[in-house]
Each structure stands twice: as structure tokens, then as C-alpha cells.
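Colleague: Next come the chains, spelled out residue by residue.
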Amino acid sequence: MRKLKRYLSNAAFGVSVLLLVSPAALVFLWMLSLSLKNELDNTAFPPIFVPDPPTLDNYREVFARNDFLLFAWNSVVVSFSATGLALAIGVPAGYGIAKMKAMRAAALILIARITPGLSYLIPLFLLFQWLELTGTLVPIVITHLVITVPIVVWVMISFFEGLPAELEEAALVDGATIWQAFRYVAMPLARPGITVATILAFIFSWNNFVFAMVLAGRETRTLPVAVNNMLTFEQISWGPLSAAALLVTAPVLILTLLAQKQIVAGLTAGGVKGA
Amino acid sequence: MASDIALSQAAAAETKRRRNYARHYAWFVVPAAVVVMAVIIFPWVFTLYVSAFNWHLGGEREWVGFGNYVQLFTDSRFGWAVARTLFYTGLAVVLPMIFGLAAALAFHRKFPLRGLARTVFILPMMATPVAVALVWTMMFHPQLGVLNWLLSQVGLPPSLWVYSAETVIPTLVLVEVWHWTPLVMLLILGGLASLPTDPYEAAKIDGANAWQAFRHITMPLLAPFVVVALIIRTIDALKAFDTIYVITQGGPGQASETINIFLYLQAFAFYNVGYASAVVVVFFAIIMLLAALLLWTRQRVKAT
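Top line first, the protein sequences correspond to chains A and B.
In this text, residue positions in the first sequence follow this note's numbering: the first is 13, and each later residue adds one.
In this text, residue positions in the second sequence follow this note's numbering: the first is 221, and each later residue adds one.
Rather than coming from a laboratory, the hints here were simulated on the basis of the structure.
Since no wrong hints were added, every one of them can be taken at face value.
DEER-style ranges, computed between Cβ atoms:
hint	chain 1	residue 1	chain 2	residue 2	range
1	B	H244	A	E178	17 to 23 Å
2	B	G299	A	P176	50 to 56 Å
3	A	D79	B	I506	35 to 41 Å
4	A	G229	B	A385	31 to 37 Å
5	A	P35	B	A430	23 to 29 Å
6	B	H244	A	Q272	37 to 43 Å
7	B	V265	A	S21	55 to 61 Å
8	A	V185	B	V265	42 to 48 Å
Keep in mind it's a predicted model, so treat the numbers as computed, not measured.
Using N, Cα and C, we set each Cβ at its ideal position, and we do this for glycine too.
Just chain A, same shape as in the assembly (with noise of 0.2 Å):
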């Protein structure tokens, strides 16, 4: 009777799970159906769920428009730019900030993390336009950089603040710069903050979409704004549609996988120290 109790609760327990991980799972794999079917199959109801025979012409046709390279480029360009410069300056700025205990710059960041990214458009477009920077991907690098100096910054002012003081103490007694201190201390012993912070600054820039769909003009746009014009403007089937949407996100879904617990603790620490 107990045996048959406690079978039946981890049968509750195991359906429960099911139910709570299976949203998640059948959005990507329905995603990924669509993205391998013809165009009869995918408007066919009842739908059909397993592709037969898969196909991969909708791939195929998301390539033939060899404009879709050219986004994934300006995508590539805009991510990598937006957070190596992140990174070049935030790290340091992490360590200047958690050696100062520098509170009032640290709730600075905090509130540019905070506000929507929207509200900081109108005057950097205003300015882009002054500048007649427009039409190239310098606006959108630059606007990605409200979104990963803020990230980098934060989740590295966590990681120092984690690090023990007496190492660097020690090397500035032995007569190290204080810069020495830092490159050569306490940079190799943050060096997993600074994994975290450079997944988490590319995949929120790789994600951004409003910034790129106000500023990119034709030539510029990344691969979210250009997913979301084919829908739109171009009307273009699902089957190539969903391809198209599965190739934008495909990166950050393979480096959630490899890294995921680089991007659990980088979430974490900076969610519940941040607040």
C-alpha cells in the first residue's frame, strides 16, 4: 500500500514535470516541423506534425535571397562590436566600481538596466541624424552599447566583489601599479565572470530588435528586423518564414545549451545581487 502511494506521488510528480517542460518543447519543435515541410503540408488541417518526407527547400529559399547573408553579417558586425567594446570598458569600469564601493554608480547602472531601451532612442536617433551617421551600422553598435555596458559592468561588479581582497593586496605590497593588480590578478581570477558577461551581452544584443528596426536602413538591418519585414512586408509562406526564424535563433539556442550554466549563474547573481 505505501509502495503503491509512493509510485503513484512520483507519477504525479514525473506528469507535473511533463507538463511544465513541454510548452517550452513543443514551441521549438513545432518551429522546427514547419520550417522542414512544403507549403500544402504546413496549411493543412488537421496539421500535420511530422514532416514526410522533410524537406529542406525552405532553407534552400531563405539562402537564395542573398540578402539574408548580408543581414547575418550586419547581425554578426553589430553583436561582436557591441560587446567587445562593452567588455574593453566594462570590466574595468566592474572593478573601479566594487573596489570603490561605489553605490550611487552602481544604482546607476542598475536604472539603465531597468528603463525600457526604447526611451533612449528618440534622442540618439535625433543625434544619428544630426551626425548624419544614418544608414550605416556605427548607430546601431552604439545604441547595442546601452544594453551591454550596463550588463558586462554589472555582472563583473558581482565577480569582483566574490574575489578575495588579499591577493591583490599582497601584489601591491610586493610593489605592483594598482593597474598591474588588476590585469594581472584579478582579470585571471574573474576570468568566469567574464565568460558570463560576454554569453549574456552577446545574446541580449544578438536578440535586440527595436534598435536596429528604427535606425537600419536597407543595407544595415540585423537578422531580427529583417525576420520581422518578411513577415510584414514580403507576406513570404510559413515554411520559408519559419526557417528563416529558426536560422535568427539557432545561435543563441546552441550557446544556451553549451553554456547554460555559465548564463544561470551570470542571470542569477546579477538578479538577486542586483536588486
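We have chain A; now place chain B onto it with these hints.
Modeller: Okay, now just chain B, sitting in the frame of chain A:
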């Protein structure tokens, strides 16, 4: 007593030494400070300035002082946008909090394939919002969408999803819940992992059952983490833009026009940047006020 004084002197010397260092450490922050000034502080100040003008992109520009704000508070379209945002936020906070808490408690237990299940569970949170919004759009299709087929399988009538003014906001909330429940789960799971084990052992010895242990140990200890998750979720829900814009662009009609969508349309569809800047200022104030309120709540939870 004497040792107290010695200690406080040592502490004073320590702070003094820190201050001396502090000046040098300031250099580490300079490059970031320049960038933050340019892309964050400058927009704040400039937005305030622009909001005092009747300013059309590529057109007229005329000083109106607080005119935009006066217009905003009498603009019923904005009023509705605020009401919709509150409705959307309420739903998009409560539901992910419930599911996220349940999921965190589930993932805190050990079970086969837990790692894989957790990875799949957090995928929505990292996925590109525009890409998943497109898939949802296809799933919401009233005739050919897979969701109406699912409803028919369990004997429910088909829904118009985002194509009807009555169902559009709950439907968009559904996407938001799918998207952001994982973050709530992670934040609470982090809290669960940090709970001490001693009280549970003591409770077990005293004969408490699982529910009592949850009610009197887990819940109070977990409260601060739940509040943090609540703060983050509320702010994120207020800011929701990408999925709403991609799926409905505020439609049908204005049925899903939240503050953020209203702001976007004013600025970049009607080129009314002066008026839109006033919206930014008000929206910013609302978010800061809510954040302050929630932080204050957190302090109180911590204190008890």
C-alpha cells in the same frame, strides 16, 4: 572598552586607506563613464528638453513648455494605453510567479534527466523574441493555426486569439508567460539552493510533516528571493515590447496598444518626437516609482 576603541581606530585607518586608493581606482571607471554619459545620461537630459517642444521630425519645432504633458493627461488614447499596460502587467506578473515558483520547487528535487529538463525549460527565455513571436503568430492563425486544433481536440470552441479585441491581451500574456517564467524559476531556484539544511533536520526530529516544513521554513526563508523575482518580473512586464509589436503592432484597432507601443507609434510612425518624449518621461517615472516601491517592500521582507 579599550579594545573597542582600538578597533574603531583601526576601522577609521582602514577607511582612510581605502579613500586614498579610491582616487586611483576612479581611472578604471572613466571610459565607461564617458560611454554612459553619451548613450544613457545624455538621452535622459535631451529627452526632457525635447519634451518641452511641439517637435515633428523634419518639420516644425515650437516651444510649448509643459504643453505636451497637459495634452498627455487629457489624451484618452494614452489613458487607455496605461490601463492596458497595467492589466497586461498584472497578468504577466502573477502567472509567471505561480508557474515559476512551482517549477523551481520541482527542479529543486532530484529526478532522472533533471539537467536536460531544466535546459529545455530555460530555452524560451534566451530565444530571440522576434523569432518566437513569428512562430506564435502562425500558431494563433484562426483557421490554420495549431492552437485552435489543440482546442478542438479537448472539446473547446476555437478562439480568435490575437485577432479579437477581447482576447488579444490575454493571448499576448500567454506568450509573455511562456517567455519569462524560466527567469522567475531560475531566481527562485537560486534561492532554494542557498537555504540552510539545519532547520529541516530539526523540524524532522520534531515531527513536522512536509507541508509544515514548507509552510514554516521554506516560505519565510524564500520570501526575499520571491520578492526579487517579483521586482524583476514587474519591471520586465511593464517594458514588454518586441513580442507585442511583432505579433499585433498594437492591434486589432488599438486593443493591445500598451504604453511602449503608444510611445513607439508617436515617435516613429507619427514622427511626433516632442509628444513621445513626454511619454518617455512619464513612463520612466512610473517605472522608477514602482521599482522604489518594490525595493522598499524587499527591505521590509528582509527585516521581518
